[in-house]
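Sequences listed follow chains W, G, D and E, in order. In my numbering, each number is its position in the first sequence, counted from 1, plus 25. In my numbering, each number is its position in the second sequence, counted from 1, plus 25. In my numbering, each number is its position in the third sequence, counted from 1, plus 25. In my numbering, each number is its position in the fourth sequence, counted from 1, plus 25.
Hints listed in this document are in silico derivations from the structure and should not be mistaken for laboratory results. It cannot be assumed that every hint is accurate.
Since copy identity is lost for identical chains, a pair holds within one copy or between any two.
What the hints assert, rightly or not - Below, a list of computed lysine-lysine pairs in the DSS-like style, where the Cα atoms sit at most 30 Å apart: (1) LYS29 to LYS106; (2) LYS55 to LYS130; (3) LYS44 to LYS214; (4) LYS203 to LYS29.
Protein chains: 4
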Amino acid sequence: MPTKADYLKDPIEHIDITKFNPVPLVNSMKNMAFTARDLARAADITDRMLRDEECGVILCLAGSLISAGLKKVFADAIKYKMVDAIVSTGANIVDQDFFEALGFKHYVGEEKLRSGMFDAELRELEIDRIYDTLIDEEQLRVCDDVMHEISDHLDSGVYSSREFIRAMGQYLETKGCKTDSSIVYEAYKNEVPIFCPAFSDCSAGFGLVAHLHARGDAPKIAIDSGKDFYELTRCKMANPTTGLFMVGGGVPKNFAQDIVVAADVLGHDAPMHKYAIQITVADVRDGALSGSTLKEASSWGKVDLAYEQMVFSEATLAVPLIMGYAFHQGGWKNRKGKRWAEMLEGVTAE
Amino acid sequence: MPTKADYLKDPIEHIDITKFNPVPLVNSMKNMAFTARDLARAADITDRMLRDEECGVILCLAGSLISAGLKKVFADAIKYKMVDAIVSTGANIVDQDFFEALGFKHYVGEEKLRSGMFDAELRELEIDRIYDTLIDEEQLRVCDDVMHEISDHLDSGVYSSREFIRAMGQYLETKGCKTDSSIVYEAYKNEVPIFCPAFSDCSAGFGLVAHLHARGDAPKIAIDSGKDFYELTRCKMANPTTGLFMVGGGVPKNFAQDIVVAADVLGHDAPMHKYAIQITVADVRDGALSGSTLKEASSWGKVDLAYEQMVFSEATLAVPLIMGYAFHQGGWKNRKGKRWAEMLEGVTAE
Amino acid sequence: MPTKADYLKDPIEHIDITKFNPVPLVNSMKNMAFTARDLARAADITDRMLRDEECGVILCLAGSLISAGLKKVFADAIKYKMVDAIVSTGANIVDQDFFEALGFKHYVGEEKLRSGMFDAELRELEIDRIYDTLIDEEQLRVCDDVMHEISDHLDSGVYSSREFIRAMGQYLETKGCKTDSSIVYEAYKNEVPIFCPAFSDCSAGFGLVAHLHARGDAPKIAIDSGKDFYELTRCKMANPTTGLFMVGGGVPKNFAQDIVVAADVLGHDAPMHKYAIQITVADVRDGALSGSTLKEASSWGKVDLAYEQMVFSEATLAVPLIMGYAFHQGGWKNRKGKRWAEMLEGVTAE
Amino acid sequence: MPTKADYLKDPIEHIDITKFNPVPLVNSMKNMAFTARDLARAADITDRMLRDEECGVILCLAGSLISAGLKKVFADAIKYKMVDAIVSTGANIVDQDFFEALGFKHYVGEEKLRSGMFDAELRELEIDRIYDTLIDEEQLRVCDDVMHEISDHLDSGVYSSREFIRAMGQYLETKGCKTDSSIVYEAYKNEVPIFCPAFSDCSAGFGLVAHLHARGDAPKIAIDSGKDFYELTRCKMANPTTGLFMVGGGVPKNFAQDIVVAADVLGHDAPMHKYAIQITVADVRDGALSGSTLKEASSWGKVDLAYEQMVFSEATLAVPLIMGYAFHQGGWKNRKGKRWAEMLEGVTAE
């Protein structure tokens, strides 16, 4: 039987969109058909959104994107002020990005592992599998423990996931970030708030459960889902022109779309999201939100119709092309980061 | 232009699996191929899981299932003690089930509406669209308001979503449930806990945001995502043999799978989920968890390999067949409900 | 290593729609959403098409449907005069239906075989795999040989695939049909023409290649793709009201749709197909015809818009429900078979 | 109502892979996950196949690829000797490539047309729609007429589709090719045989039907599906090392895979296809061949396992990247075209 070291030898390498220029390729796709044309239009809208200096850009992340090699794309998007807030599944932020910031890596799994026929062997070796990617479960347990440690160091009380993730950034600032590119750390430095509306649904959950269990009846921390929603809604109210760049669907898509309605509930006549891009392989025909069209969102008053585009593609293919196009077009160069986290620190202080 | 009444005239009718017997049909599929054989095997495993009296059954719901006409299937599953806990997206529980319990309905939308070409018109009429289904947005705002009202009536403090949803059940008990079949109300009566790990990502979010905004610096409620995870993990520890019946993927799938690891983190050597069924149209090839195979979950130590089955089908087709099969086979008749909510009331009281 | 007999022990069993009544189930789906509602509408249109006594019904088959256990559904559809012509991939008709009529069977393959990890072993044992279904390759070679034999017994000259398949029916009539339900044999007895527009793309191809090779410069047979198209177009001209029941997409879908245009090319102002049902998992977004909507076909003047319905489902699930519904509703009871093969025998005699 | 000219104003432009270099991008994808890694591996295998000078490369085309803007990619592949034979659906070769060689164009259709809501209007204007692409039906009828004309000019007798398509190349040679890049014409000049195993299933069918109808009992031409298969099998026997580059699935995929078995039937112990790439959005789970894995093909003795890769992506996105990579890597520069058409002219002369 192969050893753990046999399996975990080729690390996933993150693509660097600053190193190649897909502009001529994407421009060539503008008058083709099907996904190529959709992708070219999505790239064009993204560029347009970044040139609209009033627009606050919200990046939504669902699916295993960071372990798949897209970490640097999103970390660079923060660094170059292309993004003002992030809404994500917990896995991308905690188990994958923060995990790498602690010095760990994801590994290339051989194609045959996808068959599922080796999962019992992987289980025995304490290796976790995401389709064709491998993780050392012992390292993931270290990540769980750090989450527990951060929970214990926070004063007891109610936090948004954004506040907790900011504390993760502070942890990296203090202890040192052990990777050259981290979403959590870059967001911390650039005052970009990150929200994980289902925060316990990842490595954070294991840390929180351990914290709650250890504290028993003593005061403890709580991660308030409502506070998350309130905070992101405050961003919308403070900066009414917004755009969504959504990779995958799920909770992040819905959550970010809903702030238009939430602002309205609070008596602010906020406009719909002016720009909306979604990259997804989800199917429209099962009625789940992940695949629901952006037109459908307009019936709910969430997304405007003029600048919306769905791209039916797996993210590892489409994201480098679209974000690479936007990077090299340079429309973001006049943007100043909105630094919404600064504003929220005031808002949410208790 | 048609009026609102023109659009909202044919209500969605919920399928009643007690009224037809799909057993001969499903049995005929056992030695076919492809999805038919998978579905027949899933039905068989479901029956087997219900005959295993030690097994605690966790139902996971993602996608717009209740508005699609599956409400009675799940409400009956609770009523007939086929289910011991539910993990769901907020939309199914609040915007759809509770919404109907308040006396409102979902409506059949004409096929042409799917094209998205009428969404501006629907927007003007304040009609929300889910693919081929319509909702009166004014009624949805009433639902938001009731969520706000329930938030305001709770003592300030930290709640799990389960506790909040239980309060929704109490509300129906007090004010009257205005529909003949409700998941929230049936769960309340049968002590079946319901968890929505991303609780603010639905109509509940609008109520919570309104509550937080109105309260300002005054004491308020918080919905703690960590507490949700801790509570469901307690169920696993109290009742180690468990099975998952998952419709769709998303947060509910991941959350329910993760409690095996969480129990381990707390020092309990809990076995993997013994049974696991998933009905999904999600694609395995994008690496998102929604479509990840149950075999992959076994590499993480979450799901056992002996009794797992994925069914690649849209839920409205597969759920009535599988649950109808399980109902008419009667394997559940010796089951006693686990009444986990009673246990958790003790656990989570502060 | 397991033997061939270990692998080939559980035969695929063909579902019998005359044995269970899905009418109450399908009726319950009419006011649901998503695929359930689509399927119920497709069932209703199918019934309506069968009650329209003027309508000639063309069944289109693509995908491995017969090996999957749907043989008896289609054979019964011929027997009960629910179908007037068939357009199919060669595999369904030759490698699968005729193969079983020669006395051979398809076998259930264990789920783990789907992983592809055992294909080298299967190769060694001369077992062919279709996803989760197995075939004895030696038996398939017998089928190839019979096709060669039939080719050699035909007078040299030009044939449509329909004429060749009719000869296969005659072969079964003479030698005995060794299965209780066969599409080829039932069609032969009921004068239902079967067309395989890419006839050499299956076991027939191996027989034909052997025939051509053996004959060398001597006179031989040819299977004329143009003659196929001409013959089916003649059916349309003789019986202008037509409906399509399409399972899968591919060549059969396109071929059958195109006869409307072909009739027009020949100066007959034939109406579009009045009814059209398609059951498919193909995606609309890649622009291939298999997933193109029936509305798109209407822009080409092929399919009328009033009675068309696509059902997004794998066929083994949807076909038994829709055809079972149509069978038990009994709308076909007044139909007389059109016996188009009789007409074509006259037309195509040289 | 808009006029035909309003709809048909922006022509589809064909992407030119010689003009941009995707090598750095594709190399960056090698150690990512999911589709990116698959695509990078497919690109690497393609390059490897082209460096294998013994290998005969067979390009398989299904789906509306030419109308989508991929014409120049494939025409250039012929021109630069990267391809030795083509197996395609008729639509790509006749209705789309030859159609453009006659001087006609495809047009960009607005996104809203995809909804299907404008198809009645398009019908009235005699505009045909392929998802988001438009065709002038009157021009398509001219193409049908040219096919009729070519049929009439051929001596009566039996032809393979390859022979007919060669006659189409001769037609362009004589009358002038009215586009700067044509698959049919480039193949004619480079002795690359093109096979359409379901030849009547496209504009060719309309021409053939008209020919058969007009000739009545007089001698006429036949397009022999068996001869196609025999000819491609002869290529395999003459050049045993082969590789497949498949875009989409359908008949072309199956047909090209089957020649290994056909060679065996003729007593030649031909090796399996040594290289195999498939780009598809088809789903593996419905058992249709379009989505069946290349591993499954190995159980049939068709495809070797060492160098095979499926890429789950819509073709307009993946083809330019993979073929662009292969072009700029230059592995093809030592290749000499196999000029199989020359060999077949001898073989098939009667």
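For each hint, the structure was consulted:
1. In the homo-oligomer, the alpha carbons of LYS29 and LYS106 never lie at most 30 Å apart, since the shortest distance is 40 Å inside one protomer and 44 Å across protomers.
2. In this assembly of identical chains, LYS55 and LYS130 lie within 30 Å of each other by CA distance solely across copies; the values are 16 Å between and 37 Å within a copy.
3. In this homomeric assembly, LYS44 and LYS214 come within 30 Å of each other (Cα to Cα) only inside a single copy, at 23 Å, whereas the closest approach across copies is 40 Å.
4. Proximity of LYS203 and LYS29 under a CA criterion of 30 Å is satisfied intra-copy only: 22 Å inside one chain copy versus 55 Å between copies.
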